[in-house]
Structure formats: C-alpha cells, structure tokens
Amino acid sequence: MLNIDKLNFSYGDLKVLWDIDLEVNEGEIVTVVGANGAGKSTALKNISRLVKPDSGAISFNGADLTKLESHQVVEQGIVQVPEGRKIFPEMTVRENLRMGSFIQSARKDRDANMERVFKLFPRLKEREKQLGGTMSGGEQQMLAIARGLMANPRLLLMDEPSLGLSPLLVKNIFDIIAEINRQGVTILLVEQNVYQSLRIAHRAYVLETGRVVLTGTGEALLNDEHVKKAFLGM
Amino acid sequence: MTVFLQSLISGILIGGVYALIGIGLTIIFGVMRVINFAHGDIMMIGMYLTYNLFTLAGIDPFVSILVTIPLMFLFGGFLQKLFINRVLGALPQNQILLTIGLGLIMSNTMMLIYTSDYKIISTSYSSSSISVAGISVSEPLAISFIITAAITAMLYWFLIKTDTGQAIRATAQDREAAQLMGINVKRMSIIAFGLGASLAGTAGALISPTYYIFPQIGSTFTLKAFVITVLGGMGSIVGATLGGVVIGIAESVSAVYISSGWKDVVVFVLFLLVLLFKPSGLMGKSRM
Numbered sequence: 269m270l271n272i273d274k275l276n277f278s279y280g281d282l283k284v285l286w287d288i289d290l291e292v293n294e295g296e297i298v299t300v301v302g303a304n305g306a307g308k309s310t311a312l313k314n315i316s317r318l319v320k321p322d323s324g325a326i327s328f329n330g331a332d333l334t335k336l337e338s339h340q341v342v343e344q345g346i347v348q349v350p351e352g353r354k355i356f357p358e359m360t361v362r363e364n365l366r367m368g369s370f371i372q373s374a375r376k377d378r379d380a381n382m383e384r385v386f387k388l389f390p391r392l393k394e395r396e397k398q399l400g401g402t403m404s405g406g407e408q409q410m411l412a413i414a415r416g417l418m419a420n421p422r423l424l425l426m427d428e429p430s431l432g433l434s435p436l437l438v439k440n441i442f443d444i445i446a447e448i449n450r451q452g453v454t455i456l457l458v459e460q461n462v463y464q465s466l467r468i469a470h471r472a473y474v475l476e477t478g479r480v481v482l483t484g485t486g487e488a489l490l491n492d493e494h495v496k497k498a499f500l501g502m
Numbered sequence: 002m003t004v005f006l007q008s009l010i011s012g013i014l015i016g017g018v019y020a021l022i023g024i025g026l027t028i029i030f031g032v033m034r035v036i037n038f039a040h041g042d043i044m045m046i047g048m049y050l051t052y053n054l055f056t057l058a059g060i061d062p063f064v065s066i067l068v069t070i071p072l073m074f075l076f077g078g079f080l081q082k083l084f085i086n087r088v089l090g091a092l093p094q095n096q097i098l099l100t101i102g103l104g105l106i107m108s109n110t111m112m113l114i115y116t117s118d119y120k121i122i123s124t125s126y127s128s129s130s131i132s133v134a135g136i137s138v139s140e141p142l143a144i145s146f147i148i149t150a151a152i153t154a155m156l157y158w159f160l161i162k163t164d165t166g167q168a169i170r171a172t173a174q175d176r177e178a179a180q181l182m183g184i185n186v187k188r189m190s191i192i193a194f195g196l197g198a199s200l201a202g203t204a205g206a207l208i209s210p211t212y213y214i215f216p217q218i219g220s221t222f223t224l225k226a227f228v229i230t231v232l233g234g235m236g237s238i239v240g241a242t243l244g245g246v247v248i249g250i251a252e253s254v255s256a257v258y259i260s261s262g263w264k265d266v267v268v269f270v271l272f273l274l275v276l277l278f279k280p281s282g283l284m285g286k287s288r289m
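These protein sequences, in sequence, are chains A and B.
Start counting at 1 in the first sequence, then tack on 268, and there's your number in the numbering used here.
Start counting at 1 in the second sequence, then tack on 1, and there's your number in the numbering used here.
Chain A with its partners taken away, still in its complex shape (with noise of 0.2 Å):
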C-alpha cells in the first residue's frame, strides 16, 4: 500500500534520514519506534509532504506522492494525526471535526463520520461546543484522532498519540488504534512508547539516529535481546 524506497533527509546541513526503506501493507498497524530524535515524525512529514526529501521514493497504491502538495496527499487517503495534536484552539470540537473532513470525498459522509467518531469518543459528544484550545491534553489527543477519521482515511499516520498522557489514558489510547484498525483502517504509528506499540503492532521498525536497524513482527521485537535492553529497560 505504502512504500517508502531509500528516503534520505536532512534539515540544512544535519542529515536526519539515512536510505529508510519502509513498507505498510493494507490492514496493518505498522508502527516505527526508536529514542527520541530518531527521525521518527520526520518520515511522516515526508509522506504528508510537509517537508520535502532529498532524494528518494515515496508511492502510495502505485502512485507517486513526491510529486504531490501536502493537500493532495490527503486526498489520496493518507491522514496524519500530527505530534501535538495541533487542534485549531479558536474553533469547537464539532467545527474541528468539520475541517477533518474538508475534502470533498469526505463531505457526504460528515454526518454519518461524526456519530461514529462521538461513538468511539462520547467525551467528544458531551465537550461539542467547547473550544479545542481548552481542552485537556487526553481529549485534545481524542479529537486529533477523531478529526483524523473524519477525513475517511485508508492509510492513517499517528505521530506519537501517547505523548503527555497519564498511563491510563495511553492504554485506553493504544485500545482504540487497535480498534480503529479492526474497523478497516490502516496504521503506521510513530512512537517512543515502544513497549504499547510493540503490543498492538502487525509489524515494527527500530529506528536508530536516522537508520532502519531492525525489523519484524510486533512479537519477535518484543522478545528482541536489543530491544528489550535499549527500550524496555529488561
């Protein structure tokens, strides 16, 4: 579905991404984990075309995104839920779920979009008319990711949906990307909570200063000497 073919990228003269080579199948939650700085949100910058490569391919279902705007991706089914959740703070909830689905294909199924996303999240439904920008930091995270949906994504990107949440709330989180994905949505999770990602993932990569040094299924990482050691503290 994804495939992501010897990306390379650098801010300036600091290169953060070294020949990554990443595949998402459809169906799949895919996450890729590593320390923070590994230049895990800089590849989904790349695939949602916020920043540009230097050099590389990036294909979704055959068809080129390195020739795309950020607006076209998401056209084309790929949705981020960005790192701090970057909510619109003047506008409600319901006015944020509308911008989820400002494209036009996702316009006919705003209704029908909006009570599925206040069934997954009834907190929304109670907070409707509340301001995004005054929300706590676990219902702002709620919205991102039902604003995200909204959109009708095929390929949803999540940019470390657990940062900043009370434990409870980050195994509640990891719970409804499980379900999300059971519902038919593919995911590619970026994450430092190795440990929760690991749990729900079909498959993982370990990214490691800008490099792809390890990878498998969710399990066998799980289980990994390295990984146990470098990220699980075990």
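Hints in this document: simulated from the structure, not taken from any laboratory.
Positions of the beta carbon are idealized from the N, C-alpha and C atoms, including for glycine.
Mixed in with the good hints, there may be bad ones.
Below 25 Å or equal to it, Euclidean Cα-Cα: the simulated SDA-like pairs (lysine to any residue) are [to be verified]:
| hint | chain 1 | residue 1 | chain 2 | residue 2 |
| --- | --- | --- | --- | --- |
| 1 | A | K393 | A | S404 |
| 2 | A | K274 | A | K320 |
| 3 | B | K82 | A | L490 |
| 4 | A | K393 | B | T163 |
| 5 | A | K320 | B | V270 |
Cβ-Cβ distance ranges computed for the label pairs, FRET-style [claimed, not checked]:
| hint | chain 1 | residue 1 | chain 2 | residue 2 | range |
| --- | --- | --- | --- | --- | --- |
| 6 | A | A380 | B | W158 | 36 to 42 Å |
| 7 | A | N304 | B | I147 | 55 to 61 Å |
| 8 | A | D377 | B | A151 | 55 to 61 Å |
Looking from chain A toward chain B, a few residues come up when the C-beta cut is under 8 Å (computed) [claimed, not checked]:
| hint | residue |
| --- | --- |
| 9 | S316 |
| 10 | L318 |
| 11 | V319 |
| 12 | H339 |
| 13 | P357 |
| 14 | I371 |
Dock chain B against the given chain A, drawing on the hints supplied.
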C-alpha cells in the same frame, strides 16, 4: 447632551467604515502573518474605481460596490498569487518592503493617470442629512454604515458557517494542521488577500461621496487600519470591528470637544494607552 449624542453617532457611523478597513487588514495578517502596508493604497484604488464608474458610467457610488467588491477581490487575489505568496516564509522586513513598494507603485500609477488633483464625487445626497429626534446625521454616512453592517454580517456568516470560511480560520490558527486536513493553504491565502482587498476597496467606495479622492490618501488609512487592528488585537476580526468603532468615536468626539486638529493626537494617545495596559489588544487574541 445633543451635541455629545450627535458626535457619538457620527463616530459610530464612520467607525463602521474604519472597521471594514481594519477587518481586511486583520484577515490578511491572521492568515499570512504579513502586515499589508499597501492596505490604504488598495482602498484608494477602490475610490478611483468608484470615481470612474460615477463619472464615466453614471453609476451611484453605493450601487457601484456591486462592481467594486468582485473587481477588488480579483485584484487582491492577483497580488497574493503574484507577489505575496513568494515572501510568506521570508523575513518580516522583506515582507514590509514588498507591501510598501506595492503601495507606492499603486499611488504613483494613479498620480500618473489622474494627477494629484483632488477629485470629488458630488451626488444629490452628498451634503444632505437626516434628522431623527433632534439629532442630524449625514445621509451618505448613514447609508454607508448600513451597507457596512450588512457586509460585516455576511463576512461573519461566511467565516463561521461555510467550509471555505472555516478553512480560512483554520489556516490562520495552525497553517500546518490545516494542510494536514487537506486544505490548500495557498488557495486560502489568495482568498484571504482577495477578501482583505475587497473590504478595503469597498470602504473606499463607501467614503468616496464624503472624502476628497487623491493618490496619496492611502497612507493615512494604512496607519489608521494598523492602529485599529493593533487596538483590537492582531488577527481578531471581532477586535478589528470594535477597534474601528472605538477610533471612529474617539475622532468624532474629540473633534467636537477639543478641536479637529487634535483628533489624531487623541487617537494615538488612546492607542498608546491600550498598548501600555493591554499589549495584546482589546480582544487579546492573535487568531481568527
């Protein structure tokens, strides 16, 4: 008391037009984070457009806004696409130089075509007034206020209710997140500048029956628009609406009670006081 009420009301009426100019500037700033120093000159273009429609085609200034609004929108969109889009990521001083330069080109072009002579549009109602309960108000000002109120209401409706309007606000609040929603932010910037230019041009059309029209009138209004938006809070539309009315009242009341030569002093003292005690402006928000 009658004198006070009278000056208060004419202040509110002219404040409505100021608000229109200020809202235009604040929308452009909100979406692009660019201060448009050509704003008053764009308004001046709107005045000359109205003047031409009046003298060449005999169209009443208030009717001519039906032409001015779409034409100025296209003009603004064209400026954005051709010039402003290129400096969006540039240093603020470069953006300022660009918009000042554009303003100079506009005023000098108009000077070449029309010379620096003052032009006036004299309509049958230019100097007539309506009297209500002992308070008389200028008729063209009253009409322009009604039109201003209607345009402002439509603009609020557009920005709050429609998908495109919401997308403009979303772009102002978080440009990157807007892109991730599938919003074409370059297109929104073009629409935003088009709206801003359209509002400024319309304001120009609305004041043309009561003001002298000359190529250099823009700079006064750029400054006024800037004061209004900072007073209301940069990027806040409600703030600019309020700021416009406040400035209108301050000018009008001080012209009556102090002297019309001092009204600008009063406005700038007021401006400095707001900056001193509420630096983020009356509405205190930098987002739409």
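Results for each hint:
no. : hint                        : in the structure
1   : A:K393 - A:S404             : 15 Å, holds
2   : A:K274 - A:K320             : 14 Å, holds
3   : B:K82 - A:L490              : 52 Å, violated
4   : A:K393 - B:T163             : 22 Å, holds
5   : A:K320 - B:V270             : 48 Å, violated
6   : A:A380 - B:W158: 36 to 42 Å : 26 Å, violated
7   : A:N304 - B:I147: 55 to 61 Å : 59 Å, holds
8   : A:D377 - B:A151: 55 to 61 Å : 35 Å, violated
9   : S316                        : 6 Å, holds
10  : L318                        : 6 Å, holds
11  : V319                        : 11 Å, violated
12  : H339                        : 5 Å, holds
13  : P357                        : 6 Å, holds
14  : I371                        : 4 Å, holds
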